[in-house]
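Asks: Residue-level listing of the chains:
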Amino acid sequence: MEEKLNTILEEYHQQEGNLVFILQCLEKDFGYLPEDAIYWFSEQLDIPPAKFFGVATFYAQFHLKPRGENIITTCCGTACHVKGSERLINSLMKELQIPSGEDTTEDGKFTVERVNCVGACSIAPVVIINEKVYGKMTPDKLIKELKRLK
Amino acid sequence: MITLLIDGKQVEVKEGTTILEAARQAEIYIPTLCDDPRLEPYGACRLCLVQVKGMPRLVTACTTPVAEGMEVQTSNEQIERIRKTIVELLLSDHPNDCMVCEKAGDCTLQELAYFYNLRENRFLGERRQYAQRDNNPFIERDMEKCVLCGKCVRVCEEVQAVAAIDIAYRGFNAKVTPPFEKDLNCEFCGQCISVCPTGALIGKLSIGRGRQKDIQKVDTICPYCGCGCNITLHVSRNEIIRVSSSPDNINEGWLCVKGRFGFKFVNSPDRLKKPLIKKNGKFEEVSWDEALDYVASKFREIKDRYGPDAIGGLSSARCTNEENYLFQKFIRATIGTNNVDHCARY
Amino acid sequence: MQKEVVIKICMGTGGIAAGGKEVMQAFIEELKQQGIDATVEKHCSVHQVGCRGFCARDVLVDVIMNGEKTTYQFIKPDMVPRIVEEHIVGGVVVDEWAVKEDYHAFHEKQVKVVLADCGEIDPESIDSYIERGGYEALKRVLSEMSPEEVIKVIKDSGLRGRGGAGFPTGLKWEFARQKNSDTKYIICNADEGDPGAFMDRSIIEGNPHSVIEGMVIGAYAIGAKTGYVYIRAEYPLAVERLKIALAQAKEKKFLGENILGKDFSFEIKIKLGAGAFVCGEETALIASIEGRRGMPRAKPPFPVEKGLWGKPTVINNVETLANVPYIIRNGASWFAQYGTEKSKGTKVFALTGKVKNTGLIEVPMGISLREIIYDIGGGIEGDRRLKAVQTGGPSGGCIPESMIDISVDYESLQKVGSIVGSGGMVVMDETDCMVNIARYFLEFTQTESCGKCVPCRIGTKRLLEILTRITDGRGRPGDIDLLLILSEDIKAGSLCGLGQTAPNPVLSTIKYFRDEYEAHIHDKRCPAGVCKNLLTYTILEEFCKGCTMCARVCPAGAIVGEKKKPHRIVQEICIKCGACFETCKFKAIRKG
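Protein chains in written order, with this note's numbering: chain A, 1 to 150; chain B, 1001 to 1346; chain C, 2001 to 2592.
Okay, chain A solo, but in the shape it has when bound (with noise of 0.2 angstroms):
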């Protein structure tokens, strides 16, 4: 692990990095924010940690848990509501019986997210699975492509 997050610090000395910088590349190497490397890297560059929580709670692109094998994103926006997003989503959470309030499978293979408009609106409604984009998308067609995952 350190040597990961020595990896960040210095690109964060190279290019004039910035608090939200740093999560962003711990977010990509680990999928989440883990505890240790903010404490970490809050040592090294003498930001309280509270700072680093802060911002780590205000942009939606950061997770202070890890999150399943598989990210499943439904698109949230406008078009894609009305043109049934809600429904996507319920089968989802039926489907893959993950309790209300929750957002991860318990065996840890499926994590159901939601996104504010990843504007593709005109293929509405729009379903990332594991960062390829589904358009025009139903329960049905939805169900079948996690059963490929599965």
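Calculated directly from the structure, the hints in this document are not laboratory data. All values derive from a computational prediction rather than experimental measurement. Hints may contain errors.
Stated by the list, open to error - Facing chain A, from chain B, some residues (calculated, C-beta under 10 angstroms):
no.	residue
1	Y1130
2	C1156
3	E1157
4	V1162
5	A1163
6	A1168
7	K1175
8	F1180
What the hints assert, rightly or not - Pair by pair, the computed Cβ-Cβ distance ranges are:
no.	chain 1	residue 1	chain 2	residue 2	range
9	C	A2247	B	Y1169	33 to 43 angstroms
10	C	A2247	B	E1158	38 to 48 angstroms
11	B	V1162	A	E10	51 to 61 angstroms
12	B	P1137	C	G2478	45 to 55 angstroms
Beta carbons: idealized from backbone N, C-alpha and C, even for Gly.
Following the hints, position chains B and C against chain A.
Replies: Coordinates of chains B and C only, in the frame set by chain A:
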């Protein structure tokens, strides 16, 4: 100097002054929750909205600098309506427990609720609820009562240069918290308590020890170090339950952990209040004259027999500057030794 | 004779999602097999929008043979062999897959300025931009024009900010020019967060160099040495293409030290947004670039006085900057010929929702909403009735069908309670519930509120709660007035644009669709049949054949009945999911 009109009153202030400061100088009241003249303007509570002639929108008095010839109206029907809505919104997300709240009687939010006569609330809805308690020794943090004025965060960063807390999350869930919602772990200066306008931050030492109205306030000087901070003791039933400091004094109201929380010794059962002399193996209460004579004779005995350097003096930062001055004078000039110190050093 | 064949394939986010990469691969392989020498281009981008904006029909493929262009729609990889065989080899267009008249109607009323080169050029090649006159404007600016002259041209053109508020761009530049500071910044705001808007993404994906060129010109005009593009991380393709474009521009000396050999240096850095809608607000955006929580601060001082790191800063939206090279190249009066008196030029809109042709469109300001919806959009899906058009995203409002003849420009839209905004345009029909739409937008703004100021933090939460109870059938008499009062106070009291405009969807829907609110509150009825709690599903006995399909799909087991006899829904058990309604082949289930 800049001249402007506030509510028809001509006011002359320095350039760079905000409308709010100018109004204060002219003794015109504008309500606010998030402003503190000692901190950077923040503009979050929106209570100080005022109308400036020629500006398309209402502006916050706390962030808007004055300009020559400006005409400010601090109150009108729309402004009062918005202020009332704001207070009502805050109360809709606030525990309705003034009757047991430590801050009752000294709470800006309560004051505003009274002022706007808010009995009913049109906006009742979901309230933030935080079960977790902060187990630090000094500061009770009840974030359900927090109005997110950000003063604690700003004082911790701007004045104390610690930044032990920050605002985390966002929107309705925004919350002032130490990193990762852990227990507060800082220098416990308690500055955050001193600026909190509500009962969100309370000194743990004073909890349950007296209502605001029963408190007798005694102005004095902090005994701890050479800074000589002005403090105000809050006394209830003849006991100090809290220490505060007024912003208009020499230390601008700022205190450290000792000055703010280090008052328990005053009523400590271990504290000596009368001189005692051990007679026949037991301490007995004696008069000051007897005690001083006894000490003087013993000092003389030691000095005559072993020389002055056999004696050393150690005093305490809890004594006043004057006392410590006299003490070292006594050791140096009367006893004749340089063996003298106290915990904050001479 | 050697045939010259060029094949262009949509490779924007929309195109790729529809299988653009696979189609392209299929072409490459098929052509190789047949031994045909052809150019296969990643044409445009953006949804391929640049070119057509018709992402609903992706994958779109252009086959150009000896200068003659045929456009195919909905192409899948397995269709490729036939196109190659019949069209490219045989010379006969595969008519059934080619676009029809409605495709051309989509383009007819559009005027392409910003999108003119989008789709015609390969966004990953600077040469193809230069071929079409790219960087000509920059050359002219640096060799012939003073910064003041540049500002004058932009002022004369009447260009206004395309990000939402519509502030005159030239004026903004002039303010920044006048500031005395050794360091100034120009920021391109590509934090396009409005749900239902994708113009900026499309422009960067389709023609990134136009944005870069606009930025360099802007930097020259105001005297900035450093620029930032603040772009959403959710737009990976746009980021990638921007990076490529920046590297190419630097290599060709359009960026970097001593640009084109002149005494002017400028560099552009990319800053990725981290997912916060409020960062579209100028002061929040600056806070975010500085690495802080994206919370807005009070203005004044404006960024143009005290911006990034406390220095004078100009923030322009993507589309605004992309207009700049074209204005310099063609002149202020050329640009000003389009549009209305106060709103000049064209505007790109993301036309979505219940309209037949969805996609990216560019129209002259002043066009009517009717023309956009019916001529360009081809009318409403399923030929249902238009109910309203939502413009400006969460900051905008809903314009009712009765007003669709209004002119689309900054002032007219504002007059009816909406805004041009960044250019989202969502068309809604009679099956959309306006209370639910207002609720949707409030849900959005409420979760995106930064939480700094009270009216927005708690006020939008309360608006949402009131709207939710109305759509849940728990609305109370007096709720409409409460919504109105609270909305007005939030608008007037909030710190930044987010809060100041958040109530707009509520206010405009109450203004034009008050009866729908009343139906929800007083009659406990949702006229559009959207709000679940206000719906009842009943089986019409006369149509029910007793096929049992509905009973089988019902997840709650609420449908009872014997085979081949009319069924019945037990209302107490029904969870109103609508599964039966969608399954019934005999239209025997009534929703209402």
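Asks: Now tell me, hint by hint, if it's right for this structure.
Replies: Consistency of the hints with the structure:
1. Y1130: Check failed: Cβ of Y1130 (chain B) comes no nearer than 15 angstroms to chain A, outside 10 angstroms.
2. C1156: Where the cut-off is 10 angstroms and the nearest Cβ of chain A is about 8 angstroms from C1156 (chain B), the hint holds.
3. E1157: holds, 8 angstroms
4. V1162: Since chain A brings a Cβ to about 7 angstroms from V1162 (chain B), closer than 10 angstroms, the hint holds.
5. A1163: holds, 4 angstroms
6. A1168: This interface hint holds because 4 angstroms falls under the 10 angstroms limit.
7. K1175: The hint holds - K1175 (chain B) has a Cβ within 10 angstroms of chain A, the shortest such distance being about 9 angstroms.
8. F1180: Result: holds, 6 angstroms to nearest chain A Cβ.
9. C:A2247 to B:Y1169: 33 to 43 angstroms: Hint holds: Cβ distance 38 angstroms, inside 33 to 43 angstroms.
10. C:A2247 to B:E1158: 38 to 48 angstroms: Holds, at about 42 angstroms.
11. B:V1162 to A:E10: 51 to 61 angstroms: violated, 28 angstroms
12. B:P1137 to C:G2478: 45 to 55 angstroms: holds, 49 angstroms
Hints 1 and 11 from the list above are not met by this structure, while the remaining hints are.
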